[in-house]
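Residue numbers (my numbering), protein chains in the order written: chain A, 1 to 360; chain B, 1 to 360.
No lab work stands behind these hints, which were simulated from the structure alone.
Since the structure is predicted, the reported quantities are computational estimates derived from the model, not experimental observations.
Where is the CB? At the ideal position from N, CA and C, for every residue including glycine.
Fair warning: there could be bad hints in the mix.
Per the computed footprint, the stretches of chain A lying under chain B, defined by three or more beta-carbons under 8 Å from a beta-carbon of chain B, are [stated by the list, open to error]:
(1) 81-88
(2) 95-105
(3) 352-358
Calculated pairs, DSSO-like style, for lysine-lysine (alpha carbon to alpha carbon, straight line, at most 27 Å) [stated by the list, open to error]:
(4) Lys61(A) / Lys61(B)
(5) Lys339(B) / Lys49(A)
(6) Lys100(A) / Lys100(B)
(7) Lys49(B) / Lys339(A)
(8) Lys272(B) / Lys250(B)
(9) Lys339(A) / Lys61(B)
(10) Lys272(B) / Lys258(B)
(11) Lys331(B) / Lys61(A)
(12) Lys61(B) / Lys331(A)
(13) Lys321(B) / Lys258(B)
(14) Lys49(A) / Lys61(A)
(15) Lys304(A) / Lys258(A)
(16) Lys271(A) / Lys127(A)
(17) Lys61(A) / Lys339(B)
(18) Lys339(B) / Lys339(A)
2 protein chains.
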Amino acid sequence: MKMYSFVAGILLVGVVTFSNGNLLAEKESSVFVSGQGRDEPVKPLAVPKVADQAMVELGKKLFFDPRLSKSGFISCNSCHNLSMGGSDNLKTSVGHNLRKGAINAPTVLNSNINFAQFWDGRVKNFKELLSVGDYAYGGMVAFIEGKVSNSRRVPFTHALTVAILRSIPLYVEEFNQVFHSGRIDMEQMITALTAFEETLVTPNARFDKWLNGDDAAITKQELAGYKLFKSSGCTACHNGPSLGGNSFQKTGVVEPYKSTNSATGRFAVTKKEADRFKFKVPTLRNVELTYPYFHDGGAATLSKAVEVMGRIQLGKKFTEKENSNIVAFLKSLTGDQPKFELPYLPPSSDTTPPPQPFGK
Amino acid sequence: MKMYSFVAGILLVGVVTFSNGNLLAEKESSVFVSGQGRDEPVKPLAVPKVADQAMVELGKKLFFDPRLSKSGFISCNSCHNLSMGGSDNLKTSVGHNLRKGAINAPTVLNSNINFAQFWDGRVKNFKELLSVGDYAYGGMVAFIEGKVSNSRRVPFTHALTVAILRSIPLYVEEFNQVFHSGRIDMEQMITALTAFEETLVTPNARFDKWLNGDDAAITKQELAGYKLFKSSGCTACHNGPSLGGNSFQKTGVVEPYKSTNSATGRFAVTKKEADRFKFKVPTLRNVELTYPYFHDGGAATLSKAVEVMGRIQLGKKFTEKENSNIVAFLKSLTGDQPKFELPYLPPSSDTTPPPQPFGK
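Could you put the whole structure together from the sequences, leaning on the hints where they help?
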């Protein structure tokens with residue numbers, strides 16, 4: 001037994017022992033397959049402990065609440081739809097007043113594992129969005145659309161967000177139960193949303209079961225696909241528990257990536273020419289569910305994405321069979337999706353500022 | 001004991017005995033309060049038996065699936081949000097390509113009790129929407145926006161809807177498990193959606209508990225509000241288990257209703273002058289959650305709605321205290337909201353027609 005898998009075993013037992021949320025309690029039963037883990041560049045996902053279930057429940061409501069957008073129509077779940085792999089399955093998202101998002105909405109699933117957020121990694125973690133919301137609006141339009149932004153493009157201010165929350169009696173009560181501060185502020189809102197986001201982990205993918213020692217968990221084709229994925233060099237970037245989310249890499253190493261999308265990637269943050277067209281490597285977890293692919297949503301299918309990646313990143317042309325083997329492997333990465341009751345949102349009061357679904 | 005309440009008791013016991021769905025099983029335990037029912041113009045809600053839980057589960061997925069809209073962004077739940085009283089809490093809904101809905105989206109909750117659907121009652125039941133989708137687009141824009149319509153305004157055809165469903169392997173499998181026909185058609189889609197919709201009943205409102213004999217279920221203020229509601233004549237139209245949904249009535253009996261909304265009500269269906277500005281009386285169930293009010297969403301608050309109704313329908317000017325008593329009563333009509341797990345939507349395949357979120 002490898003040391004790695006031993007540690008993973010301990011960790012998972014720990015989760016079973018200490019977790020206090022229903023969500024987790026349900027999942028752990030099948031997370032821990034065996035101690036016969038494999039030493040691979042891809043690692044299994046572990047389910048984190050939920051420290052404060054009440055905060056998670058509050059964050060869940062906020063995640064589904066369209067009143068946190070100017071329109072009163074768009075919630076976090078609109079573009080990070082938890083029924084659809086935490087994505088919207090659109091090339092780029094639909095924003096306030098039908099604004100076209102600048103970049104493909106990345107999945108919110110397992111995003112807490114990412115070393116940075118957004119395709120250009122402009123913030124480290126979800127909490128940083130609190131400040132980002134005040135000034136940034138370039139590549140992150142999909143998020144910012146009328147949500148927590150003071151930007152000129154979408155004048156939906158933090159002050160208004162807080163005013164809306166404070167006007168809803170049951171939110172006032174619930175925030176107070178969670179934060180005991182007697183008031184609601186943006187930091188609390190983001191803290192609760194972050195707590196919920198951290199539960200959006202998708203363990204028990206068949207490939208994880210294989211990683212944990214269950215030989216029968218994946219088919220021969222999927223195994224062949226994984227071996228080719230590894231031997232071709234895909235794991236140079238798509239590795240770790242998230243198969244990505246831990247480095248910036250240039251899109252188009254061998255051959256340029258052709259796109260009408262104007263995103264410049266990491267360059268937008270660092271202004272260094274070397275960072276032009278470097279993007280955060282996206283996770284491949286649940287990739288079957290998060291089509292279309294790439295920062296511009298330019299690849300509609302997994303097969304296309306594999307073809308393009310092989311060609312422009314590795315200089316490889318996969319045969320049809322090789323391509324389908326890799327696609328089969330990628331589909332074995334679909335894990336247990338978030339499982340919870342649709343939240344009930346507390347009603348507005350007579351003093352709640354009204355939504356503005358139409359107009360800029 | 002009145003005969004009515006005795007029958008209700010039998011009915012509810014029947015539901016407990018025969019129901020086979022988790023949703024119902026959870027609810028019945030508290031539905032049946034006692035046999036001491038009251039003989040009132042308002043009747044308690046009964047939870048219907050679920051005949052086919054598998055069909056309900058399929059319908060639930062369809063209800064949440066934005067691929068049934070042209071944009072790939074709008075689902076039934078977008079405008080009939082089950083986290084928000086089955087409504088969107090907007091004056092009029094947001095449609096495809098930011099089209100402005102012509103009329104306020106009525107709640108989907110308890111809508112199976114309505115004697116007709118839409119504000120102008122142009123169809124009797126949900127299944128009739130199947131055919132309506134082919135030609136109607138006037139007052140029902142909010143529903144039709146890119147959904148099941150062949151209308152010129154939103155060229156999202158039935159054929160395309162069916163093509164999308166047929167392209168999704170797990171839907172093909174699930175439709176076949178439910179309908180055993182080996183194919184998917186529009187009628188099946190509507191049948192499944194209807195089955196789900198029929199479960200969207202909200203029993204156990206405190207007022208229902210009072211109707212069922214529990215004196216302590218409502219406050220003195222709420223009781224005073226109900227008595228005034230009744231003595232003022234509100235129950236002439238807002239009666240039965242739904243407190244409405246069973247007649248067309250002219251808006252503005254004593255005094256005309258002022259609105260910039262161009263809806264003509266029942267006239268649009270019958271072309272009879274006498275039907276001009278007659279609308280289906282909306283349900284008052286969960287009315288606390290379904291703001292703003294009236295066909296044009298012209299009243300932002302319950303207090304305003306009560307004021308206007310009293311004035312233009314009854315020629316009454318309620319005092320502030322009377323108004324707040326009626327509002328308090330109305331808030332006692334909020335029942336158990338639909339309670340179920342967020343559905344997981346089966347992923348598209350390589351052949352699924354892509355969504356068109358932008359453009360007409």
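Taking the hints in turn, this is what the structure says about them:
Coverage of the region 81-88 of chain A by chain B holds. Counting CB-CB distances below 8 Å, 6 residues qualify, and the rule asks for three or more. Closer than 8 Å: that is the beta-carbon criterion, and the region 95-105 of chain A has 3 residues meeting it against chain B, so the requirement of 3 holds. Residues of the region 352-358 of chain A with a Cβ under 8 Å from some Cβ of chain B number 4, which satisfies the need for three, so the listed coverage holds. For the given pair, Lys61(A) sits about 20 Å from Lys61(B) by alpha-carbon distance, which is consistent with the 27 Å threshold.
Between Lys339(B) and Lys49(A) the alpha-carbon distance is near 25 Å, which keeps this suggested pair within the 27 Å criterion. Simply put, Lys100(A) and Lys100(B) have alpha-carbon atoms about 18 Å apart, close enough for the 27 Å limit, and the pair holds. In summary, the hint linking Lys49(B) to Lys339(A) is supported, as the alpha carbons are separated by about 25 Å, within the 27 Å threshold. In summary, the hint linking Lys272(B) to Lys250(B) is supported, as the alpha carbons are separated by about 13 Å, within the 27 Å threshold.
Between Lys339(A) and Lys61(B) the CA atoms are separated by roughly 14 Å; this keeps the pair inside 27 Å, and the hint holds. With a CA separation close to 21 Å, the supplied pair Lys272(B) and Lys258(B) stays within the 27 Å bound. For the suggested pair Lys331(B) and Lys61(A), the alpha carbons sit about 21 Å apart, so the restraint of at most 27 Å is met. Taking the CA atoms of Lys61(B) and Lys331(A), the gap is about 21 Å. The hint holds against a cut of 27 Å.
Only pairs whose Cα atoms come within 27 Å are accepted, and Lys321(B) paired with Lys258(B) is accepted, the gap being roughly 25 Å. For a cut-off of 27 Å, the pair hint linking Lys49(A) to Lys61(A) stands: about 20 Å separates their Cα positions. A threshold of 27 Å between alpha carbons decides the hint, and for Lys304(A) with Lys258(A) the separation of about 14 Å falls inside it, so the pair holds. A distance of roughly 24 Å separates the Cα atoms of Lys271(A) and Lys127(A); the hinted pair therefore holds under the 27 Å criterion.
Pair hint Lys61(A) plus Lys339(B) holds up; C-alpha atoms about 14 Å apart against a cutoff of 27 Å. Note on Lys339(B) and Lys339(A): the hinted pairing holds, with a Cα-Cα distance of about 13 Å set against a maximum of 27 Å.
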